[in-house]
Amino acid sequence: MAQPRRLLVLTTLVLCVLAIAISQQVRATGSLFELGSSPRLQGMGGVGLALASGADATYYNPALLPSVDSWRVSSSYALHFGGVSYGTIGIAGPHLGLQFLLLDSGPIVGMDAETRYSTQGLVGSLGTRIIPGVASTGVRLRLLRTTAPTRKLGWAVDPCLSLEFGSLRAGVIVEGVASRGFATRRGGNEPWEQSVSVGLGYTLDLMEDARVAVAAELRDVFSTSREAAIGAEVQIDWLTARVGVDGVGLAVGASFTAREMEFDYCCVFGRAGMGASSRMRLGIDLRSVFRKQQETQD
Amino acid sequence: MSGNRLRGAMGFALLVFAVSLGVVGGQEKVDPSLRTLLGAAPETTEMTLPSVNLGPPASVEIREGNAGSVPLIGLLVKTRNRSDAESLRELTIRASTGTVHSIWATMEDLIALAEDMDVVYVEPSRKVNVMVDKSVPAIGASMLHAIKPPIRGAGVVFGAVDTGIDYAHLDFRYDADGDGFEESSRILSIWDQTLGGVAGRHYSQQDVERDLALGLDWSEGLVRHRDPEGHGTHVAGIAAGDGSSSPYGLVGVAPDAWIVAVRTSFHSANILSGIQYVFDIAEREGLPAVVNLSLGGHDGPHDGTSVLEQGIAELADAPGRAIVVSAGNEANKAIHWSMPMSEGSGEFRVIAGDMETELCMWYPGGEEIELVITSPGGDVVRVPYASVTGVRELEGGILYVDHASEGNSILNGDCEVYLRIVDSLEDAIWTIDVTSDQAETGNVDAWIYSGDATLDPSTSNCTIAEPGNARNVITVGATITRAWWRSLAGWQDFRSVYEVGCIPTYSSMGPTRDGRVKPDLVAPGTWIAAAKSEATSLRDEYIHPDETHAYDSGTSMSAAHVSGAVALLLSLDPLLFPDEITELLISTATTDPSIGASPPAKSGWGKLDIWAAAREAGYVDQGGDDPNSALVRVDLRDPLVNSTAEFVFFYPIESVRSAILRIFDISGRLAFEADVGGRSTYVWDLILPRGEPAPSGLYFYLLATDRGLSQVGRMVIQR
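From first to last, the protein sequence lines are chains A and B. Following our numbering, the residues of the first sequence are numbered contiguously, the last one being 643. Following our numbering, the residues of the second sequence are numbered contiguously, the last one being 813.
What the hints contain is simulated information worked out from the structure, not anything from laboratory work. Errors might be hidden in some of the hints.
[Stated by the list, open to error] Derived CB-CB ranges, DEER-like:
| id | chain 1 | residue 1 | chain 2 | residue 2 | range |
| --- | --- | --- | --- | --- | --- |
| 1 | A | Gly-532 | B | Gln-805 | 33 to 39 Å |
| 2 | B | Ala-270 | A | Gly-451 | 26 to 32 Å |
| 3 | B | Thr-775 | A | Arg-616 | 21 to 27 Å |
Yeah, the Cβ is synthetic: ideal placement off N, Cα and C, and Gly gets one too.
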């Protein structure tokens, strides 16, 4: 029974990819989700399709959620390119993840008028193994609401896949397979972006407390605006350093791990005069906390 | 007593007095419109005493004398030299520029003046008309505000002879003690000529600040002044408002300048007094001053020789002084007719309005023309050179014409025709045939200057309003910097009427009648957002969303921009002479394709660029190191867009080789870029390079030049 189900899932994914490939590429509503949610992965150029772990899988590739072995909560904040507040808070565990994103521009003052852009996003993800140790799949639901300058609501469903070959991983996500875009002023509908992105990641354990990971992605592969990204990180004990590059620019980052807590920082240097944008995140591994409580009670 | 009844009674009294005096000598020194009051005609023509009571012309300033005694006429008197003429010694001089004096006089005084050997000419104090952001950056003023130290007009007096000022408006106040409350006023003085009789009322800075401190408005405090028309407040806001009442950054051109406001009656003698008042206050404070005259009319030779214009030219003839005048808004109002003398004959029609009509005609001295006037009812009146018709009751209205009855004008040697039509039906047509002696040069020019009549045919040339033709003044025409705006009533879109960058059809055209280039330059004048007077009532369509600013249009607004720019120059060099200021402004004025199609008569020497003027004079660093990178700026008129985004750039256009506008999506990816080198504005249609519409969301933008980058701005596309 399991074999036909796996075949069904894989066939569905392939069909989704083909459907997107032959459809006209349209830009879309969900711009908030282009920001990414993880300072760790943004420090590597956003290459999370094959490399996301822990709570990051909720956002970057839910097919990686089955490999998450504990519940984690995390919260991040960025003053995006100096003028926009962007924060996230999320929780993720085996097979399931939830993340809330909040962006607020504050007042934007023009010569004659003023406006504000405020939007919130919710990402709910599920992941399951199709072939243990080889393939897993997942689905991501994105809800987007803007509250300023006008109230609008939209959603999109994005299936995804992860394949594992030893230390090599591959990820595919098909965005906007089903969606509802924002209503426009003229009574139309502004669709979500439909796109297919693929990624490869390779992790090499150098010694007991040292690890190197590299990853690459090709985003929007069937579009003329396709984009490549590449990133790498080196972890030595409690410290991780990383670097990456994508369409936004060069990114660097670092993480510090102390017991059950992890602090991530990244800085993205924008192109063409955009300046730099920094993000930071604090994550807590709840299993460690619970274990501590359990030990205390015992 | 109502104004009309008072005027009629006074007119009757004046005429009875005049007739009783008989023929008066020295009438050649008296403006033709005043000769009607003297009630005499030259011996060369058949004398026709007024058979009906016309009363004084509506445009002449007349006031009741003390205790209701003899009526007083407002006059401007030009004397031979700077010492007072004998006949002036007994009179109260309201203002004196040197050889031009503003006085109140009785009929008896007028006769004495006419007979005084030291008096050159007597002109009535005539009523002129008041003339009705993006724009401050567009003239380069924002760049002067941005450099270190900033140049914002500190230490300069900006004077407005206008409808007054809303003295409580936050844009004219400042926080002297740093407590976060703008308790102090930048208004040094207010003179309200319309209050308190002939002398008007004066209010000091202390009076204003006292009322502000006590929270008293115009009806309760010491300062009884207000600006119900709102024009003067708007003009002052453009030139010297600091925008502190609004979060929209509506900062004026010289936001640190001191202000002197004169609420005038708009009679020429009062205007002259108002200008002198501003300069007197500035002199008392030891500061340079620029006076803005957003007003004008068309009675006069349009060659700078009217007594008012000579007085203004004298007042401005000193270091640290400048007078800026609006060109006028009559280019499309059909008030001017012109015929080359060489054509020999021509005809034009006066289409009467619902008011009394006054018209002046001028042609070169030494020539002679003959007029044949046909009334709407078919009566024909022949008016040869050196004649006066007297008051004629014709089929269709009453006519009075003085055709150089006292010979050529003493002011300029040319011939003047004064024509007055009363009690004509609206839209009735008076036909005027002109026959000249076919001189090779010169024109016959006619202007409607009182009433709402129009001329057919008409020409837009030579419609610069007096005193804009004066020497020593800077005359300013308008450009369009805004054609749509957000108001309390929503978006107002006039893009089908106004094209941004061009010169509006209303902006009066030069040259002067003696062939000088006017306007001197053009500046933003169409739909300018500036301070709104609390006392004025406007439709919501013209009120800015912040409710403390309003939109208004006209060369008045253009003149205010130039006045502010002059204040910036004077803050850099308080001893600049008026001709130096003018030369700086016109030599650095810019032209572009949008006004290239305009004839020079419309655009003068080009668009105001005060940044270039300051650099040209060496007041601002010419080099590239400092502080140009901070001066590259890009702004959006409205950061919320749905079909187009209109960007405005501020950078030293003349020294920048490349300028690229870049737009980034929310993640920081480059979404669009355009080469905007040499342009001050750019409209993006929100289409991405691959032909798709840019999706809704937040975007960033910046301007990249070879002299530096602008700050990153934000915009929202909302489909």
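For each hint, the structure was consulted:
1. Gly-532/A x Gln-805/B: 33 to 39 Å: The hint (33 to 39 Å, Cβ to Cβ) holds, given that Gly-532/A and Gln-805/B are roughly 37 Å apart.
2. Ala-270/B x Gly-451/A: 26 to 32 Å: With Cβ atoms ~30 Å apart, the hint holds.
3. Thr-775/B x Arg-616/A: 21 to 27 Å: Because 25 Å falls inside the window, the suggested range holds.
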